[in-house]
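K.L.:
Which chain is which? The protein sequence lines are A and B, in order. Numbering of the first sequence is given in the numbering used here, commencing with residue 1 and proceeding in unit increments. Numbering of the second sequence is given in the numbering used here, commencing with residue 1 and proceeding in unit increments.
Quick caveat, the hints were computed from the structure, so don't treat them as lab data. Check each hint, because a few of them may be wrong.
Take a look, some chain A residues computed to stay more than 10 Å from chain B by CB distance [what the hints assert, rightly or not]:
#  : residue
1  : H7
2  : V11
3  : G16
4  : T17
5  : V62
6  : D65
7  : F67
8  : L68
9  : N70
10 : S73
11 : T75
12 : H85
13 : P86
14 : T118
15 : L120
The calculated DSSO-like cross-link candidates involving lysine-lysine, where the alpha carbons are at most 30 Å apart (straight line), are [to be verified]:
#  : chain 1 : residue 1 : chain 2 : residue 2
16 : B       : K106      : A       : K64
17 : B       : K59       : B       : K36
18 : B       : K106      : A       : K41
All figures in this text were calculated on a predicted structure; none of them were measured in a lab. A virtual CB, placed ideally from N, CA and C, is assigned to each residue, including glycine.
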Amino acid sequence: GAVVSQHPSRVICKSGTSVKIECRSLDFQATTMFWYRQFPKQSLMLMATSNEGSKATYEQGVEKDKFLINHASLTLSTLTVTSAHPEDSSFYICSAHAGGKFISGANVLTFGAGSRLTVL
Amino acid sequence: GQQVMQIPQYQHVQEGEDFTTYCNSSTTLSNIQWYKQRPGGHPVFLIQLVKSGEVKKQKRLTFQFGEAKKNSSLHITATQTTDVGTYFCAGRTNSGGSNYKLTFGKGTLLTVNP
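Let the sequences and hints guide you as you build the complete structure.
P.N.:
Pasting the structure below:
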């Protein structure tokens, strides 16, 4: 079936540094990918929609200069948390639509395994 | 904007008991999806409902989509410890924004006492 690979799974960094998270669709092309943030025992909050070859669309309240998204190819989207601070510590998950080839329903999401960011 | 309310937030049951989680949307949905997230894991797609009044079953899981396409439910019969996790509904509308934008409910965390 459809697989979305997300790396790294865990990252610990010092405050003020930047962290890059990669999201790859392994066996399908994804012109659109989605980045979510999830706090412990809470729901998935959509941060932005990543569009291949164009600028990402950010949700209200999400700082685009803080969370840089690049979708340079049909199989790769990256999220960079710039100048990370402890309040940015969270679980970040990407997802994509694999389409009818794998799952009935073109708008069903396949999620990556997530990246747990801890900022000290 | 669109809101999807999900209740209850938590549910603890004895193994063998039934479990139900409910979702209600502030707007009419084109479809609704259900995902399961095991503790420490990522959401995994369970099912999608598209038609008004649709009912689908997966073994002990029964999914319903309301006649007005604004509410949905997931019912698990005779829960097992393997059912533990958070169940999310996610609704999609046709109006505005990205064609594939989903709005997730807050989820229901199910714990099962063996």
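K.L.:
In terms of Cβ atoms, is chain B entirely out of 10 Å range of A:F67?
P.N.:
Check passes; 17 Å lies beyond 10 Å.
K.L.:
Any Cβ of chain B at or closer than 10 Å to A:P86, or is the non-interface label fine?
P.N.:
Fine: 21 Å to the nearest Cβ keeps A:P86 off the interface.
K.L.:
Is the Cβ of A:N70 farther than 10 Å from every Cβ of chain B?
P.N.:
Nearest chain B Cβ is 18 Å from A:N70, so the label holds.
K.L.:
Does B:K106 pair with A:K64 here, judged by a C-alpha cut-off of 30 Å?
P.N.:
24 Å, holds
K.L.:
At 10 Å, judged by beta carbons, does A:L120 keep clear of chain B as stated?
P.N.:
21 Å, holds
K.L.:
Holds or violated: B:K59 and B:K36, Cα atoms, limit 30 Å.
P.N.:
15 Å, holds
K.L.:
Run the C-beta distances from A:T17 to all of chain B and say if the shortest one exceeds 10 Å.
P.N.:
It holds; A:T17 is separated from chain B by about 25 Å at its closest Cβ, greater than 10 Å.
K.L.:
Please confirm whether A:G16 is truly not at the interface, meaning its C-beta sits more than 10 Å away from all C-beta atoms of chain B.
P.N.:
The assertion about A:G16 holds, with a minimum of 28 Å to chain B.
K.L.:
Can we trust that A:V11 is non-interface, i.e. its beta-carbon lies farther than 10 Å from all of chain B?
P.N.:
16 Å, holds
K.L.:
Non-interface claim for A:T75: all C-beta distances to chain B beyond 10 Å?
P.N.:
17 Å, holds
K.L.:
Would you say A:H7 is clear of chain B, with no C-beta pair closer than or equal to 10 Å?
P.N.:
13 Å, holds
K.L.:
With d taken as the least Cβ-Cβ distance between A:L68 and chain B, does d exceed 10 Å?
P.N.:
19 Å, holds
The structure shown violates none of the earlier numbered hints.
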